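Novice: Heads up: the sequence lines are chains A and B, in that order.
First residue of the first sequence? That's 882 in the numbering used here, and the numbers climb one at a time after it.
First residue of the second sequence? That's 80 in the numbering used here, and the numbers climb one at a time after it.
Read the hints as simulated data drawn from the structure, not as lab findings.
Check the hints yourself; a few may be wrong.
Here's a subset of chain B near chain A, in silico, CB distances under 8 Å, partners left out [stated by the list, open to error]:
# : residue
1 : Leu122
2 : Ile308
3 : Ile316
4 : Arg429
5 : Gln433
6 : Val435
Just so we're clear, the structure is a prediction, and the values are computed from it rather than from any experiment.
We put the CB at the ideal spot given by N, CA and C, even for glycine.
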Amino acid sequence: MSASAQETHDPPAAGREQALRQVEQFIYREARLADEHDYDAWEALWTDDALYWVPAGGDLTVPAERMSVIYDNRSRISTRLAQLRTGRRHAQDPPSQLRRVISNIEITGEDHGDIIAAANFIAAESRERGVELWAGRVIYRLRPAGNELRMAGKQVLLVNRDQPLPTLAFLI
Amino acid sequence: MPVDGSGQVPVLAADRPDYRRLIERARVHSSVYTDPQIFADELARIWYRTWVFVGHASEVAQPGDYIRTTIGLQDVIMARGTDGRVHLLLNRCAHRGNLVCEAQRGNAKSFRCPYHGWTYRNTGELIGFPFNQGYGGKGTIEAELSLARVPRVAEYQGFVFGSLAPDGPDLAEHLGEAARELDRLARLSPEGRVELTAGWLRHRTRANWKLLAENETDGYHPQFVHGSIFSVTGSPIGALYSDKSAAVTRSLGRGHSENDLRPEFRKAGEPMRWFGTTADRVPAYAAAMRAAHGPAAERILIEGAPHVMIFPNLFVAEIQVFVIQPLSAGECVQHSTAVQLAGAPELNRRMVSQSVGSVGPAGMLLADDTEMYERNQRGVAMLAPEWLDLRRGLARERIDERGLRIGGATDETGMRGFWQHYLSLMEGA
């Protein structure tokens, strides 16, 4: 069975395909904005109930009571970006040179109208001290808003989150 | 570095540097940050001899609880035995040297080496070795072969320290004047107890451990290194570390030092200002403190938490605790967690939130400190000038009513105290 036949004769499958395309395009765009330090455009992706979470270690049960690498609500995201925009955030002065590859994108569920999607990533970060390789899984909570998607949640599960990490001052 | 319980700390046979020529009153030589031989010497003379912070009693609250921690390069198991006491064991099987414990934390009565199945009680005794006829049966080698124990273990306000030297100053003598800073921290709990139960961030840092230890009470850097976050959040912290600040830097002796911010907080006279809030925004906590401390509560709530570096590896920065773990002359790991106060749930969650924002690899404060450490490490590897200057505030230091040396809020009094103690350990017999 060809994909085009599916699209033509199986509207639910076509809808799923279209939803996945939209999610993929959103994820690629979010990654590019982060790689290129386009703080304003990246910030505009977020909803007001945003949660940007990079856990440390294995315990994901009570994040508000445990140390995380990043656990930003919308206001904290705004502070983090404002610090970066000062140009005096030394750990990002100069900004890291970044490129990330995102793959294995799947829509894994739905929650109160939000699309839950997951993907794997590898990111190369170059600074004067050398190249760091970052890798992990990202779980996105994406909210349909008109014809667009916005980001309500981004959880980054680093593969080495139970080990000592180098400075992570860029938008992962 | 072997520790065999004989009391002999191994000393390098090679010629040792003349530390008196590397560490002067107001300057130190770059090589102390870069020379691998000096690092090896530090392991023997500091890390494997003096009292080193290993963990907090609250991390092993129940019998059988254990965590893996370190003393210098030693992998150490901190375990609470069925006797209720905290034991420190080197994580090395007495048979062929394998790690007996791989998990970072857990609860176990015994540790079984995965290599040949030798099993040890969580207090170190060998209790099983499979196919034991090869050793002549049970009751043969147990007395001789056990996990190595850190010979001295002691705690203060729940902070557990180990010393790999069987003899030497006891913990009370080592902590000296720094003990009362841990008292000040515990006193902020309505129940008088600190807990370190929020988990640790671990931040890999390509810098010598001493650059961190010196920076912890350097009141000169905050306005420059942290200006970006202070300006964005409107934080009043920067002003505490300025030429106009009434705060003082105090050398507490034995290499410990503090930034004493109380003079500034007393001037303001507002409870909870040290935490960036007011008492009416944390009403349950304020009420619990007033119930626990009576009229003394106001002063405690005004003066706030300590900012103290305890030689060589424990740093309490108001609501955070940091631990420095050396790896080599050019690398270390910073561990950080939020202080949690027993009986103060209203404060604890806020302390976690503030700490997560500030510390660790992505912290809006600590990532910038770490950037400075790493650039600093590259700088000190250069040829000239050969020395790091430590003279700031030397001419305006004085001795306070406790007999301790104090300088201004931005002076290098704490660093000079650090180096004086370092020298006494490194050049001693």
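Novice: Give a verdict on every hint.
Specialist: Now for the hints, and whether the structure bears them out:
At about 19 Å, the closest approach between the beta carbon of leucine 122 of chain B and any beta carbon in chain A exceeds 8 Å, and the interface hint on this residue is violated. The criterion of a C-beta within 8 Å of any C-beta in chain A is met by isoleucine 308 of chain B, whose closest approach is roughly 5 Å, and the hint holds. With its C-beta approaching chain A no nearer than about 14 Å, isoleucine 316 of chain B sits outside the 8 Å limit, and its interface hint is violated. Using the Cβ-Cβ criterion of 8 Å, the hint placing arginine 429 of chain B at the interface with chain A is not satisfied: the shortest such distance is roughly 10 Å.
Given hint, glutamine 433 of chain B at the interface with chain A, is violated; its Cβ is 10 Å from that chain's nearest Cβ, farther than 8 Å. With a cut of 8 Å, the hint placing valine 435 of chain B at the interface with chain A holds, because the nearest CB-to-CB distance is about 5 Å.
Checked against the numbered hints given earlier, this structure breaks hints 1, 3, 4, 5; the rest are met.
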